[in-house]
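Engineer: Residues per chain, in single letters:
2 protein chains.
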Amino acid sequence: LRAFGSDTRLPTVALVVDLLRERGAVSRVELAEATGLTRATMTNAVRRLISLGFVREVGTARSQRGTPRRLLELQPDACHMVGLQFDRFRGVGVIVDLAGRIAARRELPVVGERRPDEVVPELAAAVDEMIAASAVARGDIRGIGLATYGPQDRDAGVLLTPQPTSEWQGYPLAAALAESTGLRVAIENDATAAGIGAQHLGAAPSSFAVVYMSGGIGGGLIIDGHPYRGAASNGLELGHISVDPSGPVCDCGNRGCLDNVASPVAVSSLARRTSLAARLGLGADPLEGFDLLARAAAEGDSEAAELIEASVQHLAAATVTLVNLLDVSSVVLAGSAFTESGGRYRDAAQEVLDRSVFMRHVHSVSVELAGDVAHAAAVGAAMVVLRNLLESPNIGDRSARGR
Amino acid sequence: LRAFGSDTRLPTVALVVDLLRERGAVSRVELAEATGLTRATMTNAVRRLISLGFVREVGTARSQRGTPRRLLELQPDACHMVGLQFDRFRGVGVIVDLAGRIAARRELPVVGERRPDEVVPELAAAVDEMIAASAVARGDIRGIGLATYGPQDRDAGVLLTPQPTSEWQGYPLAAALAESTGLRVAIENDATAAGIGAQHLGAAPSSFAVVYMSGGIGGGLIIDGHPYRGAASNGLELGHISVDPSGPVCDCGNRGCLDNVASPVAVSSLARRTSLAARLGLGADPLEGFDLLARAAAEGDSEAAELIEASVQHLAAATVTLVNLLDVSSVVLAGSAFTESGGRYRDAAQEVLDRSVFMRHVHSVSVELAGDVAHAAAVGAAMVVLRNLLESPNIGDRSARGR
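So the protein lines, in turn, are chains A and B.
For the first sequence, the residue numbers in this note's numbering are 1 to 403.
For the second sequence, the residue numbers in this note's numbering are 404 to 806.
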C-alpha cells in the first residue's frame with residue numbers, strides 16, 4: 001500500500017507546465033513569483049523543459065524596471081499521451097496534447113465478461129489504430145493512462161478485484177498492455193481520473209468531489225489540484241455507502257448500497273422486469289437501456305420517469321452525505337451515464353444540497369457536469385501519464401521516453 | 404473562508420519538535436536525515452529552539468566516522484499550553500506541556516442555555532484557578548486552545564452557529580476569552596482537536612478518521628498528521644449524514660441524521676419517555692443519563708440495552724460510510740460519551756467494519772478508543788496553540804509570548 005493522503009509538492013517542472021497552461025506567455029520572473037521558488041530553481045526547470053521542446057521562448061515583454069523579460073510559452077504539440085477508460089460496459093480512448101486538448105478519440109471494444117488476455121490485445125490494437133488515424137507521430141506518444149474501476153494497486157499496475165471475471169484479479173494489466181503496445185502504461189481509478197480530466201475540460205475549481213457514474217457509481221476527491229488517495233490509493237467508494245439501511249445485503253458486505261439502487265446497471269435491471277422492457281426494446285447493455293429510459297422519462301413516460309427519479313433522488317441523497325463529510329464547495333458529475341440524463345441528476349442534486357447541506361449557511365455548494373462527461377476519465381488518465389513524466393527525476397533525459 | 408484542504412508543509416521548527424518528541428535524544432545530522440532538510444536549515448531551526456529553551460544539548464554520541472555528534476533533547480517543561488473543550492453539556496480543561504503530557508486537569512462550568520458573556524468570565528476564572536493550582540508558572544503558559552462544536556470561523560475566532568443561544572453566533576469568543584485571561588486564544592473544531600489530541604495520548608497512527616461523541620456526534624480526519632479542513636475549516640459533519648432516509652427532517656435540512664437517532668442527547672430523550680426515566684432516575688443532563696443507560700444496559704437491563712444498541716448500530720453503520728468514503732485504515736473514537744460505553748461502541752463498529760467495508764480484502768480497518776476519550780479534544784486544542792507558536796515566523800522573538 002502506498003503512503004496515505006493526497007499527493008503533495010509538485011516538482012517544479014510540473015508546476016511550470018501547469019502555470020504555462022493556465023496563463024499563456026509568462027516570463028521566468030513571473031513564474032518564480034507565482035510559485036514562490038527561487039529564480040535559480042525556476043531557470044533550471046525552464047532549461048529542462050526547453051531541452052525537451054515542451055517550452056519555447058516567444059519574445060520579450062518590458063518589465064517595470066525597463067529590463068526586457070523573455071516570455072515562455074507551452075508547445076502543446078511537443079508531447080501527446082493516450083488515455084483509455086473502460087469498464088465492463090463501455091470504453092473510450094483519447095489522444096491528449098501537453099495542453100490537455102483532445103487530439104483524437106474513439107470507442108473501445110466492449111469487455112463484457114471476457115478474460116483480460118482476450119481484451120488486452122484488442123485494447124492495444126485500438127490504441128494502434130487511434131494513433132495511426134491521428135495526426136500524431138507514434139514517437140511523440142509518451143505513454144498510456146488507463147482509467148478503470150478499483151480497488152487497484154496503482155504501483156503494481158494490477159486490479160485487486162475479480163471483476164468482471166476472476167482472471168482480472170491480480171492480472172498484470174499495465175505490464176501486459178505495455179508489452180503489447182511498446183508504451184509505458186499507468187493505471188488510475190476512473191472516478192479520480194475523471195476529476196483530473198474535469199480540470200482540463202472545463203471550469204472545475206481546484207478542490208471538488210467527483211461523482212462518477214458509468215455502469216456503476218464511484219467517487220473521487222481533488223484537493224488543491226491533487227487526488228486524495230486514502231489508504232489504498234483508490235477513489236471514494238461512493239457506490240457502496242448505504243442509502244437504505246433496510247435494503248438488501250450487497251456483495252460488498254454492506255446493506256442498501258447506492259450502487260444497487262441507483263446505478264444504470266440496477267435501474268436497467270429493474271426496468272427489464274416491467275413492461276418497459278418490451279415497450280422501449282431494452283437489450284442487455286445496461287448503459288444503452290439506461291439512456292433509453294432517461295429519454296423516455298424526459299418525454300413523459302411515467303413508468304420510466306419513476307425509475308429514473310428514484311435513482312436521481314438516491315444519488316442526490318448520497319451527494320449530501322459526501323458533501324457533509326468532506327465539506328467541499330463543489331461537486332462535479334462525470335461518466336458516460338450522465339451523457340443523456342446529466343442535467344436532471346445535476347439539477348436534482350443541486351436542489352437537495354441547497355436545502356440540506358449542513359454548511360449551506362456558511363458557504364454554497366455547486367454541482368456541475370464535467371466538460372465532457374463521457375471522456376473526462378480518459379483525458380484524466382492521459383494527464384496522469386504527463387504528470388508521471390514531469391515528476392520523474394530524469395525528465396530531461398531522452399532515454400526516459402517510451403520505447 | 405480559508406484555503407481548502409489539509410495543512411501542509413510543517414515549518415522546520417515544528418518538525419524538529421515533533422521528531423524530538425517521538426525519538427528522544429537525536430543529533431542534528433539525524434534530524435536533517437529524517438526530514439530531508441539541509442544541515443544548514445536544521446542548524447538554524449535548532450538554534451532558535453535552543454534560544455527559546457525548548458531544546459537542550461544533552462551530551463554526545465559517536466558517529467560511524469568517529470566524529471562525536473551532540474545530542475539534542477526536548478525540554479518538556481519549557482512551555483505549557485491550556486486546552487479547553489466545552490459544549491452545552493460538558494467542559495474540561497487541561498494544562499499540557501511541550502511533550503503533550505497533561506500537567507493539570509479540571510472540569511469546567513456547564514454552559515447550558517446561557518449566553519456567552521455570562522460563560523466567558525467563568526471559563527477565564529476556571530483557567531486562572533487551574534493555573535494557580537498547578538505547578539506551572541503563569542508566565543510559562545503560551546496560550547489557550549478552545550475546542551468546541553462547529554461551524555466555526557477559526558481565523559476570526561467566532562462560532563457560525565446560534566447554538567446554544569442566538570448570542571453565540573458571531574460572538575467574538577476567542578477575543579473575549581483572550582481579553583479576560585491575558586492569553587492568546589485559538590479555537591478549533593472539537594472532533595478535529597480530539598484527533599490531534601489522540602496522537603499525543605496514545606498510539607494513534609499518522610492518518611485516521613475521528614468519531615467524536617459528546618452530547619452530539621462529530622467527525623474529523625487526520626491525514627499524515629495534519630487535520631483535513633474542507634472548504635470552511637471545520638470537521639466532518641458525521642452527525643448530519645443520513646442513516647435513515649425515511650427518518651424525520653432534521654434542523655439541518657437533511658433527513659434521518661445520525662445525530663437524531665444515535666447521540667446521547669437523542670438516546671436520553673427517548674429514554675425519558677419510557678419507564679427507564681423513573682427506574683434509573685434520569686435527570687436533565689443527557690450525558691449523565693446516557694452513562695446511566697449504558698451502565699444499566701451492561702448490567703442486563705433489556706430496555707436500556709435496546710436503546711443503547713440502536714445507537715451503537717447506527718454509529719457503526721455511519722462509520723462504514725465514513726470508511727468507505729475516506730478509505731482510512733484506522734478510526735479513533737473520542738469524546739466524553741465514550742467514557743462509560745466506549746468499549747461496546749468500539750467492538751460493534753469493529754465487527755460491522757470487518758464484514759462490510761468495501762476495501763476489507765485490500766487492507767484491514769481498526770477501531771480504537773483515544774487514550775483518554777474525555778480529555779482528547781482539550782489536549783488537542785492545547786497542541787494547536789503549540790503548533791501555532793512553532794509556525795509563527797517570529798518564534799524566536801520573546802515578544803511573541805503571551806502577555
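Quick caveat, the hints were computed from the structure, so don't treat them as lab data.
Worth double-checking, as some hints may not be accurate.
Unchecked claim - Here are some chain B residues pointing at chain A (derived, C-beta under 7 Å): (1) P554; (2) D558; (3) G633; (4) A635; (5) P651; (6) C655; (7) V723; (8) L729; (9) R758.
To be verified - Taking CB as the label site, the calculated pair distances span: (10) R518(B) with H361(A): 17 to 25 Å; (11) S769(B) with A132(A): 50 to 58 Å; (12) L673(B) with T165(A): 28 to 36 Å; (13) T161(A) with G703(B): 39 to 47 Å.
Backbone N, C-alpha and C fix where the C-beta goes; we use that ideal spot for every residue, glycine too.
Engineer: Confirm or reject each hint.
Structural biologist: Structure-based check of all given hints:
1. P554: Since the shortest Cβ distance to chain A is 5 Å, the answer is holds.
2. D558: 13 Å, violated
3. G633: Given a least distance of 3 Å, the restraint on G633(B) holds.
4. A635: It holds, given that the least Cβ distance between A635(B) and chain A is near 5 Å, below 7 Å.
5. P651: This interface hint is violated because 13 Å lies over the 7 Å limit.
6. C655: 5 Å, holds
7. V723: Cβ of V723(B) sits 6 Å from chain A, so the hint holds.
8. L729: 6 Å, holds
9. R758: 5 Å, holds
10. R518(B) with H361(A): 17 to 25 Å: Check passed, 21 Å falls within 17 to 25 Å.
11. S769(B) with A132(A): 50 to 58 Å: At roughly 52 Å between Cβ atoms, A132(A) and S769(B) fall inside 50 to 58 Å, so the hint holds.
12. L673(B) with T165(A): 28 to 36 Å: Once the Cβ atoms are compared, 49 Å apart, the range 28 to 36 Å for T165(A) and L673(B) is violated.
13. T161(A) with G703(B): 39 to 47 Å: Hint holds: Cβ distance 44 Å, inside 39 to 47 Å.
The structure is inconsistent with the numbered hints 2, 5 and 12, although it conforms to all the rest.
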